[in-house]
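These protein sequence lines are chains A, B, C, D and E, in that order.
For what it's worth, our numbering labels the leading residue of the first sequence as 420, then goes sequentially.
For what it's worth, our numbering labels the leading residue of the second sequence as 420, then goes sequentially.
For what it's worth, our numbering labels the leading residue of the third sequence as 420, then goes sequentially.
For what it's worth, our numbering labels the leading residue of the fourth sequence as 420, then goes sequentially.
For what it's worth, our numbering labels the leading residue of the fifth sequence as 420, then goes sequentially.
Which copy? The list can't say, so a pair holds if one copy fits it or any two copies do.
No more than 30 Å apart at the CA atoms, straight line, and that leaves these computed lysine-lysine pairs for DSS-like:
| id | residue 1 | residue 2 |
| --- | --- | --- |
| 1 | Lys626 | Lys708 |
| 2 | Lys452 | Lys467 |
| 3 | Lys635 | Lys769 |
| 4 | Lys637 | Lys445 |
| 5 | Lys637 | Lys771 |
| 6 | Lys626 | Lys770 |
| 7 | Lys770 | Lys708 |
| 8 | Lys771 | Lys635 |
| 9 | Lys446 | Lys541 |
| 10 | Lys708 | Lys769 |
| 11 | Lys708 | Lys635 |
| 12 | Lys500 | Lys452 |
| 13 | Lys635 | Lys770 |
| 14 | Lys446 | Lys500 |
Simulated from the structure, these hints should not be mistaken for lab results.
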Amino acid sequence: MSGSNKRRSKKAGLSPGTLIHIGEKKKEKVTIKVIDYDEARFEEREVKDIEECFSFKSGPTITWINIDGLHEVEIIEKIGKQFSLHPLLQEDILNTDQRPKVEDHGTHIFIVLKTLSYDDNKKEIRIEQVSIVLGATFVISFYEGEGDIFNLIQKRIRNTIGRHRKMGADYLAYTLIDAIVDHYFFVLELLGERIEFLEEALVANPKPTTLQEIHKLKRELIFLRKSVWPLREVVSILERGESPLIQSAMMVFLRDVYDHTIQIIDSIETFRDIVSGMLDIYLSSLSNKMNEVMKVLTVIATIFIPLTFIVGVYGMNFKYMPELEKPWGYFMVWGVIILVALGMLTYFRKKKWL
Amino acid sequence: MSGSNKRRSKKAGLSPGTLIHIGEKKKEKVTIKVIDYDEARFEEREVKDIEECFSFKSGPTITWINIDGLHEVEIIEKIGKQFSLHPLLQEDILNTDQRPKVEDHGTHIFIVLKTLSYDDNKKEIRIEQVSIVLGATFVISFYEGEGDIFNLIQKRIRNTIGRHRKMGADYLAYTLIDAIVDHYFFVLELLGERIEFLEEALVANPKPTTLQEIHKLKRELIFLRKSVWPLREVVSILERGESPLIQSAMMVFLRDVYDHTIQIIDSIETFRDIVSGMLDIYLSSLSNKMNEVMKVLTVIATIFIPLTFIVGVYGMNFKYMPELEKPWGYFMVWGVIILVALGMLTYFRKKKWL
Amino acid sequence: MSGSNKRRSKKAGLSPGTLIHIGEKKKEKVTIKVIDYDEARFEEREVKDIEECFSFKSGPTITWINIDGLHEVEIIEKIGKQFSLHPLLQEDILNTDQRPKVEDHGTHIFIVLKTLSYDDNKKEIRIEQVSIVLGATFVISFYEGEGDIFNLIQKRIRNTIGRHRKMGADYLAYTLIDAIVDHYFFVLELLGERIEFLEEALVANPKPTTLQEIHKLKRELIFLRKSVWPLREVVSILERGESPLIQSAMMVFLRDVYDHTIQIIDSIETFRDIVSGMLDIYLSSLSNKMNEVMKVLTVIATIFIPLTFIVGVYGMNFKYMPELEKPWGYFMVWGVIILVALGMLTYFRKKKWL
Amino acid sequence: MSGSNKRRSKKAGLSPGTLIHIGEKKKEKVTIKVIDYDEARFEEREVKDIEECFSFKSGPTITWINIDGLHEVEIIEKIGKQFSLHPLLQEDILNTDQRPKVEDHGTHIFIVLKTLSYDDNKKEIRIEQVSIVLGATFVISFYEGEGDIFNLIQKRIRNTIGRHRKMGADYLAYTLIDAIVDHYFFVLELLGERIEFLEEALVANPKPTTLQEIHKLKRELIFLRKSVWPLREVVSILERGESPLIQSAMMVFLRDVYDHTIQIIDSIETFRDIVSGMLDIYLSSLSNKMNEVMKVLTVIATIFIPLTFIVGVYGMNFKYMPELEKPWGYFMVWGVIILVALGMLTYFRKKKWL
Amino acid sequence: MSGSNKRRSKKAGLSPGTLIHIGEKKKEKVTIKVIDYDEARFEEREVKDIEECFSFKSGPTITWINIDGLHEVEIIEKIGKQFSLHPLLQEDILNTDQRPKVEDHGTHIFIVLKTLSYDDNKKEIRIEQVSIVLGATFVISFYEGEGDIFNLIQKRIRNTIGRHRKMGADYLAYTLIDAIVDHYFFVLELLGERIEFLEEALVANPKPTTLQEIHKLKRELIFLRKSVWPLREVVSILERGESPLIQSAMMVFLRDVYDHTIQIIDSIETFRDIVSGMLDIYLSSLSNKMNEVMKVLTVIATIFIPLTFIVGVYGMNFKYMPELEKPWGYFMVWGVIILVALGMLTYFRKKKWL
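Please model the complete structure; the sequences and the hints are all you need to start from.
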């Protein structure tokens, strides 16, 4: 699970508001894209220099600046100056070890979220950070990785027919959040499948690797939970609608997102319950196997150890052993052996060990 | 347990409010029934085309439209247009992976609930979704499956004598909720019986399949809990009576339903406590069995291994072994054998292993 | 534990407010007793027909109607009509599967409680339901079983000297609740004794039946808890004193009952903690026993198996085995045997297995 | 742990407010001491008859009546009459099975607390009850046992220099509470030492008695917790300062006591966490030991059982066994034996069992 | 873990407000440093006598007095008199067994915090106490140990360019708190590394020392948690900004610290979850190992014990044993032996034990 060991400590002792990128450098180059639109107008441009975006800032059209990659600190600094973002806010954008949160700064709202995706190569869940700054007529989104999570939204905006072009910046911010939350369901379904697969493996043939799988799943759920619980709070604060930047018509949409986050939390808690139940099953099946092994050993040993004793008796070399002389001696011993063996078997059958 | 693996992810990336049916198609054809009544009048009709219902909408009589089956998206769309339901509300009706909730939309209240029933064929609990839209003079209910849960209510309305015909749409919605909640008790009783049965099996003869039964029960309780906890919230919000659509005379009825949901939650929590105790019992009884097996092995081995050694000694072929020549040698060995065996037995008796 | 498997489901589908007795029929005949008193006057009568009580209703004297046995539905119906009790309230009286609760109906307060008693025959805790309707000048109590829990209160009322006769209906209701709560302490003390007894058994000689006893205790505590937690809420609501039916002078008495319920809850939680600790002790002592058994087996087997090998060597029939010819061969073998045995014993002593 | 099995049930059925002493009689005679002081004046007297105290009641000086021993019910009754204490309050003083609590009776505040001390003879924690009645110019303290917890306070009052003589009755009550809470730290430190001692024993040599020690500690913590949690509530209510009997200058002192109670609760919860971790350690070390025992058995048995088979083969008495005739037969067998043994040892070394 | 066994009890019975140093004496001499600055002016001096500082108190410049070492009680007393600190506040500074807290005393705010650092020599986390008194123009900090945690802040103040010199005493207090909280991340990262290291050890080769490591980690997390949870409360109270000593411009900074404390708590809870999961893994892997050991024993014993019996049979010395005379007898026995062995191996393969 990525996202768990970022070097936060390198900031210790620095003055508050010092800008340092904390996190892995996930892509080579920072990509900046600006989309400017209203119902009538649409302009989309990929820019090299962040200053090119600033001309779009004024005017009544909605401006969306999307930045993929966070390791070039100066870009954040320039945007910060242009849009008068608080130094601590800029610091938070760069620090990818943030907890999801929302902050109302009056002229803009600052939202930090985590995206979930499944890395097919590393076979693990990838958690990445998205920061969104929502102003009256602009939205700036900062994305840690090189993702395509917002491509469908861009497509919808390009399309003149949809609702999107008639709505304000708050609706744009909502669609970004909605897209992120919708991706959670995808990861949850993958987890659900892995859990079902593991449960079948548990019943069919529990192995030490099954245990490690369970443990890995448990850890992933711990980290997922850490990302999702504060998300609920974030959406709940937005939904309460205390900022004039969010119009009251948005409430029904935000309530819908809120319902989704509750559902996601529900699912994670359910998964946790199921996974911790699986551990009990695993331990029980270990005990069961041990019992079975012990029974086999006990049955075999308990039957043959006394028999070996009996034949040992007549292997002794005493000069005077009356039975040895008798012609029926050997057959009598076989008789005793068979009787003892049958007796033991009956006993074990009664005990239900066989 | 059905209801746990619906393909929610197929909506990811779509524009909010896009209508897609999420869930299994549980029946072949969608059935639409309309009942229109007041104290004097009663009309009941099964319609093929949803438009036939809309004539009943106006007028002071209570109109109940009941729709079984959700996979025909256009029906929901037409109703949505006619009754001016918000696109997100329509989306929620179609998405059978909803959490129970209540939403006040001013001119109507939207309620999502889960029904519980026991599927005798699959031997599992079936969770299905019912959505209810309550307006001033109409109730529209959407049911995922092909159930008979509302048949008794229809019968009561047909009957002119009962209280039902004198009451408003809010009372009708209440009776629908009440009928759903009453069915929960039925499922809880079945679970209670299975738990008692398992407890007896645990004491009598615990087997690996018992463990799997316990695990299955535990999972079912996890899913039940997920359905029932939000139900409490739903009824509690309705009972607070902040909507003018619900008259104050309904409060005592809704409080009654609320008491029932609390009782159901209580029972589920109690079941969870009992079932998790059963796992401890199972593990302990495994340990007990292992102990018993080990004792048998130990008693047999500990008695016969030393004896086999003794007889082994006199099986050696040394030329000079004084005891072998003595006529009493053989009998002396038997004496030693018997003494050792008795000593061991006494020791085991003292240890309470026998 | 009685009280856990009542057939609530037989009500499913019936119109709300339909009167059906849910629960066991615990006594043959319903007994109705009416006591009418004020400071100067006292009348006590056992009546056959409920109508005889109604004459006492009017007038300023306090009237207490006590009904033991709930299976005659008409009695409840008649009382309901006479005292204008809501149909759902009547339903609740008959349904002995209620959760303790309090409802303020304006002219009367409805209280549902559970009594605890210990059934010496069945060796289990009996949970029964008492419903109390408190009006301005009357108290009606409905008791599921055939108990004597209120006998001492009747005696105190008969007695002209006590405080009881000077006080109102609210004080009478309080004394009923107080008597019920006081009985809880009795059951808790019995449980406390059983727990202490079990703890001693655990240390002295843990057996599978001890485990079953622990499990039974655990289940009883689960059910007790389910009865007692809502009781706290009930008394707390009464104590808040929002109803004009309860005079402010009652507050100090109700606070006292409230303190008792908190104490009872505390004790039950403490018992739960102790009992769940006992299970750990039991499992540990099983493991300890197993360890002991294994050590005995290992010591015996580890000493004698190598020795048996040694004597086996000289039991071989090779023609050319030089040691066999030597006169000291036999004694040398004994020497080796004794050395090996002593070495093993020293090793085990060092390992602290002996 | 004393304090857990008081006969509360003997009050069941009695009229509320009936005075009965519940608890052990901890000392022979009840001792009554009265201290009357203001800044200028100081009088201290041990009285035989409670009436002697009542003359001090009037007047502006602070009067502290301290009663050690609760089994003489009449003393409480007389005080109750003199200071107009509610019958239920008197009942609570006598009932030493109370939960810590505070009650504001207008003209006086009633506080119930638990003292902790360590009984060196019985090697257990002793929990005893102190009730304090705080009026405008008087404090009455009732102590269940024969303690010296308040001696230092008396000494401080005798001393004319200290702050104590200038302060009111509320400060006196505060010092009593502070003295009681300070004693908790003493008991916590003793527990802390026992825990450390046990932890070392666990690592060095876990024995069944270690388990019993852990269990005892766990039980003591359960009972401590039951005493301390309500204490926090008591001090918190006092600190909120809603009663005119407590001057606002006291707030900072009461906040200090409140901080101490929080710290005590923190320590108890920490101890609980540590102790429950110890149980896991104990169980793991049992499993470890078992593993070690099993390995020894397995190594010995696995090496010698095949060898015994080999020598058994050549102990057979067949007439035609070619190897027996060969002069190199015996040495060849020894060669095989040594090879097998070495092979097994190599295998075990690879498995890291040796 | 230091900080867990301070002798708090030596205060029991003393008058409240008596000044006694509780804690270890961590350094030889108390060091006092005073820094006095505003935007224009900067003075820094290490003083021997605390009185030298008091001249800085008056005047509009910000005065920071930093005291390292708490064992000289008179220093605290003199400061207390000079800055009119409440006796209980002075007591709290000296008592290093405090819980983090904040107290508003009107003219000054008193803050108690814990610093975390990792002691490389003792290989354990060191918890030390810092008390901060924040007035209108002064900050006094008391530090238990001899640390360098505030060196970087002093350097930043010396530097005329930074923001620091323009800000008030509240900003100085904030930077102190921020520095302390930033150090927490450092300790958390160390813990995170140890956890990862342990997890790998668990999978590769679990040993009893691994268990002790887990247990140690668990204990450290328990103590960390005890230090960090109240910290959240402290910062939350400061952030609410009810004191005029903290200007509203500070809110955004304090909110930032608050976010950090939440993140720290999150991490600790996550670590706790992971560590408690590791214990389960450890126990399971013990069981797995035991299973493996048992299988080896069972396979070997189950194959050879019957074979030893067979050869034992033909080691008997009966005069009349027909097989012994046959020339094919010996080879037949070998045949039987090989057949039995193969049968057993097939059985074990089928059981998946091999």
